[in-house]
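Each chain is listed here by its residues.
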Amino acid sequence: MRKVMLSLLLLMALLAVPLFAGGKQEAPAAKQSTSAGFDWKTFEGTKIKIMVNKHPWVDIIQPKLSEFEALTGMKVELAIYPEDQFRTKRTVEMVSGTSDVDVFMLMPGNALAQYVQSGWLAPLNDFMKSDKYLWPDYDIKDIYPAALNAGVRNGKNYTIPILLETSLLAYNKEIFNRYGITVPKTMNELEAAAKKIYESSNGDIYGITLRGKKASATSQWVDFLHSFGGEWLDSDGKAAVDSPESIAATEFYGKLLRLYGPKSAPSNSWYESISIFMQGKAAMVYDASVFKPNYENPEKSAISGKVGYAIIPKGPAGSIPHVSNWGLTIYSGSKHKEAGWLFIQWATSKKMALQGQLAGIPSARASAWTSPEFKSKDTSPEWTNASIASYKVASPLWNPPVIPVGEVRDAMGAAIVAAILGQDTAAACKEAAKAIDRILANSQ
Amino acid sequence: MRKSFIKTFLFYTCIIIIAIIPLIVFLWMFLTGLKTQMDNLAIPPKIIFSPTLENFKSVFAQNNFLKYLFNSFVVATFAVAISLLFGLPAAYSIARFKMQKIGLSLLIARMVPFISYLIPWFIIFRRLRLVDTYIALITTHLIITLPFIIWIMVNFFENVPISLEEAARIDGCTYLQVFIRILIPVVRNGIFTSSVLGFIFSWNQFLFSLILSGNRTMTVPVAVFKFISYEEINWGGLAAAATTITLPPLILTLFIQKHMIKGLTSGAVKG
Amino acid sequence: MGKIMKNRTKYTFALPALLLMVIIVAFPIAYNVFMSLHVWFVASGSGPRWVGFKNYITILFDKRFWNSIRVTILFTTGALGGEILIGVLLALFFNRNFKGKSIIKTIFLFPIAATPVAVSLIWAMMYNYDLGIINVLLKAVGLPPLLWLADPKLVIPALVITDVWQWTPLILLIVLANLESLPSDPFESAKVDGASTFQTILFITLPMVKPAIIVAAMIRSIDAIKTFDLIYVMTQGGPNIASENLNLYIFNQGFSYFRMGMASALAIVLFSIVMAVNVFLAIIRNKNTT
Numbered sequence: 001m002r003k004v005m006l007s008l009l010l011l012m013a014l015l016a017v018p019l020f021a022g023g024k025q026e027a028p029a030a031k032q033s034t035s036a037g038f039d040w041k042t043f044e045g046t047k048i049k050i051m052v053n054k055h056p057w058v059d060i061i062q063p064k065l066s067e068f069e070a071l072t073g074m075k076v077e078l079a080i081y082p083e084d085q086f087r088t089k090r091t092v093e094m095v096s097g098t099s100d101v102d103v104f105m106l107m108p109g110n111a112l113a114q115y116v117q118s119g120w121l122a123p124l125n126d127f128m129k130s131d132k133y134l135w136p137d138y139d140i141k142d143i144y145p146a147a148l149n150a151g152v153r154n155g156k157n158y159t160i161p162i163l164l165e166t167s168l169l170a171y172n173k174e175i176f177n178r179y180g181i182t183v184p185k186t187m188n189e190l191e192a193a194a195k196k197i198y199e200s201s202n203g204d205i206y207g208i209t210l211r212g213k214k215a216s217a218t219s220q221w222v223d224f225l226h227s228f229g230g231e232w233l234d235s236d237g238k239a240a241v242d243s244p245e246s247i248a249a250t251e252f253y254g255k256l257l258r259l260y261g262p263k264s265a266p267s268n269s270w271y272e273s274i275s276i277f278m279q280g281k282a283a284m285v286y287d288a289s290v291f292k293p294n295y296e297n298p299e300k301s302a303i304s305g306k307v308g309y310a311i312i313p314k315g316p317a318g319s320i321p322h323v324s325n326w327g328l329t330i331y332s333g334s335k336h337k338e339a340g341w342l343f344i345q346w347a348t349s350k351k352m353a354l355q356g357q358l359a360g361i362p363s364a365r366a367s368a369w370t371s372p373e374f375k376s377k378d379t380s381p382e383w384t385n386a387s388i389a390s391y392k393v394a395s396p397l398w399n400p401p402v403i404p405v406g407e408v409r410d411a412m413g414a415a416i417v418a419a420i421l422g423q424d425t426a427a428a429c430k431e432a433a434k435a436i437d438r439i440l441a442n443s444q
Numbered sequence: 001m002r003k004s005f006i007k008t009f010l011f012y013t014c015i016i017i018i019a020i021i022p023l024i025v026f027l028w029m030f031l032t033g034l035k036t037q038m039d040n041l042a043i044p045p046k047i048i049f050s051p052t053l054e055n056f057k058s059v060f061a062q063n064n065f066l067k068y069l070f071n072s073f074v075v076a077t078f079a080v081a082i083s084l085l086f087g088l089p090a091a092y093s094i095a096r097f098k099m100q101k102i103g104l105s106l107l108i109a110r111m112v113p114f115i116s117y118l119i120p121w122f123i124i125f126r127r128l129r130l131v132d133t134y135i136a137l138i139t140t141h142l143i144i145t146l147p148f149i150i151w152i153m154v155n156f157f158e159n160v161p162i163s164l165e166e167a168a169r170i171d172g173c174t175y176l177q178v179f180i181r182i183l184i185p186v187v188r189n190g191i192f193t194s195s196v197l198g199f200i201f202s203w204n205q206f207l208f209s210l211i212l213s214g215n216r217t218m219t220v221p222v223a224v225f226k227f228i229s230y231e232e233i234n235w236g237g238l239a240a241a242a243t244t245i246t247l248p249p250l251i252l253t254l255f256i257q258k259h260m261i262k263g264l265t266s267g268a269v270k271g
Numbered sequence: 001m002g003k004i005m006k007n008r009t010k011y012t013f014a015l016p017a018l019l020l021m022v023i024i025v026a027f028p029i030a031y032n033v034f035m036s037l038h039v040w041f042v043a044s045g046s047g048p049r050w051v052g053f054k055n056y057i058t059i060l061f062d063k064r065f066w067n068s069i070r071v072t073i074l075f076t077t078g079a080l081g082g083e084i085l086i087g088v089l090l091a092l093f094f095n096r097n098f099k100g101k102s103i104i105k106t107i108f109l110f111p112i113a114a115t116p117v118a119v120s121l122i123w124a125m126m127y128n129y130d131l132g133i134i135n136v137l138l139k140a141v142g143l144p145p146l147l148w149l150a151d152p153k154l155v156i157p158a159l160v161i162t163d164v165w166q167w168t169p170l171i172l173l174i175v176l177a178n179l180e181s182l183p184s185d186p187f188e189s190a191k192v193d194g195a196s197t198f199q200t201i202l203f204i205t206l207p208m209v210k211p212a213i214i215v216a217a218m219i220r221s222i223d224a225i226k227t228f229d230l231i232y233v234m235t236q237g238g239p240n241i242a243s244e245n246l247n248l249y250i251f252n253q254g255f256s257y258f259r260m261g262m263a264s265a266l267a268i269v270l271f272s273i274v275m276a277v278n279v280f281l282a283i284i285r286n287k288n289t290t
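Chains V, P and H, in that order, give the protein sequences.
Taking this note's numbering, I'd label the letters of the first sequence as residues 1 to 444.
Taking this note's numbering, I'd label the letters of the second sequence as residues 1 to 271.
Taking this note's numbering, I'd label the letters of the third sequence as residues 1 to 290.
Simulated from the structure, these hints should not be mistaken for lab results.
Note that the structure is predicted; figures quoted are calculated from it, not measured.
All C-beta atoms, glycine included, are put in the ideal place defined by N, C-alpha and C.
Possibly wrong hints are sitting among the right ones.
[Stated by the list, open to error] Which bits of chain H does chain P cover? Going by a derived footprint, with three or more residues having C-beta under 8 Å, they are:
(1) 56 to 67
(2) 120 to 133
(3) 245 to 256
[Stated by the list, open to error] No farther apart than 27 Å at their CA atoms in a straight line, the calculated lysine-lysine pairs in the DSS-like style are these:
(4) V:Lys430 with H:Lys54
(5) V:Lys337 with V:Lys350
(6) V:Lys64 with P:Lys57
(7) V:Lys238 with H:Lys54
(8) P:Lys258 with H:Lys210
(9) P:Lys7 with H:Lys101
(10) V:Lys75 with P:Lys67
(11) H:Lys63 with V:Lys430
(12) P:Lys7 with H:Lys63
(13) P:Lys258 with H:Lys99
(14) P:Lys7 with H:Lys54
(15) V:Lys141 with V:Lys375
(16) H:Lys101 with P:Lys262
(17) H:Lys287 with P:Lys101
Produce the entire structure from the sequences given, and follow the hints as far as they go.
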C-alpha cells in the first residue's frame, strides 16, 4: 500500500516537470548575416510570435506562412483569438509586462493612443529608413496615406496597415427593383426608401438594418454623426455628442431602426445585422466594406449576385464615411524587433496585398486596386468604385483619439440604444456627453 | 382496476414529458452540429435536413481542439490530485476533531467571487512570468476543487464508525497508519465521487482560463469561442464544439450517476 | 499522552490544506481589500494611487452600480424562486417507487454536469429572434415571436429560464434524497388518521424537508448571486446594461476598462452581499432546527 502511494507520488512529481513548461521558450542563437545590404535571411533561425485576431486577412496569411519561413529561415508561431477575447487578451499580455509576443494586430483608431501612452509599442521610423532592414522593393509610397497616417502618433509611425476598411451602403437590387427604388443619394432619400419598402411589404422586409448593439453601433453611427455635422470631441477635447447636429444624427439613426428596421436592433452587432441582410430580410445595410465577400458568397448568402454598393448618402454636412484599418505593430519589449519588421514587410508587401485584394480584403495599397489582375477579376466594380470614392473623402476619426476608447464607445452606445428605443434622445446624448467628459477626466 | 391503469398511464406520461425538458436542449445542440451553415441560417429553421459531419470534423481538424481537450484534462486531473492530497487529511481532521475553523474558511472561499481571486493572481503570475502555464491554471482551479472535495469527504468520514479506528489504534497503529490503511479504503466511494465531481467542475471552469490561459494552455470552454470569427458566427461549428466539450462530463455522469447523487446530496441531507 | 498526540495529529493533518487555503484564498482577499483603496487605470501605464475610501463613495453614487444591484436581485430571486418551487414540486412528485427512477435521476444530472458555457451558447441560439427554435415553436402555435435576449424587459426572465433549466435538478435531487431518507412512521400514522395526500404534504412532508430546502437554497444562492458564465456568454450584460449583474460589472471594470482599483472595491461589495445573504439564511436555518 505504502509502495503504491510512494510510486504514485513519484509519478506525479515526474509528470509535474512539464508543468513548468508553457512559459517562455528560448530561441536558438540567431545567425546574423554580415552583409551590409538587405537580406531576408538576416535572422535565420529566429523564432517570432505573432498574435492576431480571427480575421479574414489571417485566413489568407496563415497558409502562406511556410513561404515566409522558407524565405527567411525563421519560424513563426501564430496565436489566433476570436475578436472579443483578442482585445482583452492582448492588453492582458501587455500589462503582464513579460510578454513574449513580437508582433500583433492592432486597430489604431481603437487602441493606438492607449498603447503608445503605456509605452507598449516600438516606433518603426528607423526601420522604415534603414538600409539594412528596409526591403528595397517594399515601396512605402504605395500605401494609402490615410491608412499609413492612422498609425502615426506624436510624429512617429507605430503601425503598418494590412487593409483599409470603409463603410458602404449595400442594397438588395432585386428588392429595389420590386418597389421601384433608386439608390438614395441623400439622407432624406434614404429614409424615404426605407419607409417605402417597409410599408409596401407590410413590415415583411425591413427597410434597413444597422448595428444597434451598444459600443459596436458607434462604428457605423459615426458616419451619420459626421455627415450631419457632428463630432466626437470639440476643439477643447470636450465631448461634442450633445451638440444639435450630433443629436440630430443620433435621432435619425435611431429612427431608421425603430420605424423601418429589425426589432432586435439593440442587440445586433455586425454579425446579426449582415445576416438579416444576407437572408434577404432587409433591403439595405450600412456596414463595413470588408463584408462584400460574405454578401457575395452563395454558400452563405441568399442574395449573392444581387447586391449593389454605394457611398453613404449625403447629410446636411456632406457625405462623410470613415476609414479604419487593422495594422501590424511591434511590441516594445520584443527581443526580435528587426525580425518582426521583416515579417511585417512580407505580410504587407505588394504581393500579399494583391492576394488579399483578390480574396475580397480591401487593400491599403493603391497598387492592389489598380492592378490589371484585380481589375480583370473584379466581379463587383460597383463596390470597387464606391470604396475608392469613400477613401477620397473619409474621416479617420471613427473613434475619438483618446485612451479609454472602449469606455467612451460604451457611453455613446447607451445613447444610441435610447434613440432606437424611442426614448428622449437629446437627454440621452447629454448624459453620454457628461459621462464621456468624466471618463476622460479620470484617465489622465 | 381501470382507474389505477389510467392513473399509472397518466403518471408515466407526465414523467416522459418532464424528462424531455432537460433532454431536448442537448438534442437540439447535437442536431445543430449536424447541419450545414446554410441550413442553420434558414428562416424558418429546418426540421428535416441532410446531416453533415463537416462541423465535427472541423472542430478537431481546423482548430487544434485535441490540444485544448488535452489542456482541460491536464488541468483538471492535477487540480483534483492535489486537492485529494491536501484535502483528504483535512477532511478527516474536520470530521474527527471538529475543526470548525477550517470548515468556515472553506465556506468563505466559496463565497468570494472568482474575480476577486483573478485580479491578484493575475498580477502575481505576471510578476512570476507564469501567465499561460499549467501551474497558473491548476493553482486557480484548486480554489474550486479543494473546498468542494473537502466538503464532500467530511460527510463520508463522519459516517465511518469510530469503532473501526479504535480497533486499529488498539492494535498499535499510528494515526497516519490508521488513516492510510483503514480509512481511505473505507471511503473510497467518496474519493471516487468527489474526484469525478471535482474533475467536472474544473473542466467546466471558464473565467480563470479566459484570462490566465494563452495559446499554449487554452482550455475547452474558452476555445469554443473561436468559432465566432470576424466575418461570421459558425452556428454548426459552435454547436459541434459545444457538444464535444460537454460530452466528457456527461459521459462521466452516466457512469457514476448513483455516486454523484450521493455526493451532491450528502452534505445537505444532514442539514 | 493520548491528548497531546491527538492535538498534534489533528493539526498535522489539517495544516497542509490550511496553508494552501491561506495562500490561495486569504492572500487574494487581503490584496483585494488593499487594492480597493487605490485607483489604478492600468491602460495608462501609470501605477496604483492611494485614495482611501474614494472608490466606495464613487460606487455609492454610481448609477451603473445600482443597476447591477437591481439586475442581481431580480435574477437571483427569479432563479432561486423558480428552482426551489419547481425542484420541491418535482421531488414530491418523484418520491415514490417507479420503473426508470434511476434513469430519471441520471437525466436530471445532465444539466448540472454539462459545461455552463456550452449550455449558455446553445440557449442563446435557441433564443435568437429569427433563427431560434423557441420563436419557431411560438409561431407554430400562433403566438407572436418575442425578442428575448434583445428586449431589455425580457432579457432577465429569459436568463432566469436558462438558469432554472440548468440548476433546478440540483434542488430536486437534494430534496428528493432527503425525502427518501425520511422515517415512515409519521406518514403511516397520518394515513391511519385519515389525512388526505394534500394535508400530508403540507403538514408533515414539507416541514420535515424544510432544513434540506434551506441548505439547498444556501448552496444555490451563493452561485446565483455570483452568476457570470451564463450572462457573459449569452448577452455580455446587454442590451446595453439591462442584464449586467454585479459580477459582470466587476469584470467590465477590471478587464474591459482596466480600472483595477474600482474593480477591487466592487468585488469587496459583492463578497459582502454574498456573506450577508448566507448569514441571513443560516440564521433562518438555526431558528428552524431549535
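Hint check:
Residues of the segment 56 to 67 of chain H lying with their CB closer than 8 Å to a CB of chain P number 0, which falls below the three-residue condition for coverage. Residue count for the segment 120 to 133 of chain H with a Cβ under 8 Å from a Cβ of chain P: 9. That meets the three needed, and the coverage hint holds. Given as covered by chain P, the segment 245 to 256 of chain H passes the check, having 5 residues with a CB less than 8 Å from a CB of that chain where 3 are the minimum. As the CA atoms of V:Lys430 and H:Lys54 are separated by approximately 26 Å, the hinted pair is consistent with the 27 Å bound.
With a CA separation close to 22 Å, the supplied pair V:Lys337 and V:Lys350 stays within the 27 Å bound. A distance of roughly 23 Å separates the Cα atoms of V:Lys64 and P:Lys57; the hinted pair therefore holds under the 27 Å criterion. Proximity of V:Lys238 to H:Lys54 is assessed by CA-CA distance (about 25 Å); at most 27 Å being required, the pair is judged to hold. This hinted pair checks out: P:Lys258 and H:Lys210 have alpha carbons roughly 24 Å apart, not beyond 27 Å.
The suggested pairing of P:Lys7 with H:Lys101 holds, with an alpha-carbon distance near 17 Å, which does not exceed 27 Å. Under the criterion of a C-alpha separation no larger than 27 Å, the hint pairing V:Lys75 with P:Lys67 is consistent with the structure, at around 20 Å. Our distance criterion of 27 Å between C-alpha atoms is met by H:Lys63 and V:Lys430, whose separation comes to about 15 Å. Annotation: proposed proximity of P:Lys7 to H:Lys63 is violated, straight-line Cα distance about 55 Å (limit 27 Å).
Between the alpha carbons of P:Lys258 and H:Lys99 the distance comes to roughly 16 Å, so the proposed pair stays at or under 27 Å and holds. Between P:Lys7 and H:Lys54 the CA atoms are separated by roughly 66 Å; this puts the pair beyond 27 Å, and the hint is violated. For the given pair, V:Lys141 sits about 21 Å from V:Lys375 by alpha-carbon distance, which is consistent with the 27 Å threshold. Restraint check for H:Lys101 and P:Lys262: the C-alpha separation of about 15 Å stays at or below 27 Å, so the hint holds.
The straight-line distance between the Cα atoms of H:Lys287 and P:Lys101 is roughly 22 Å, inside the 27 Å bound, and the hint therefore holds.
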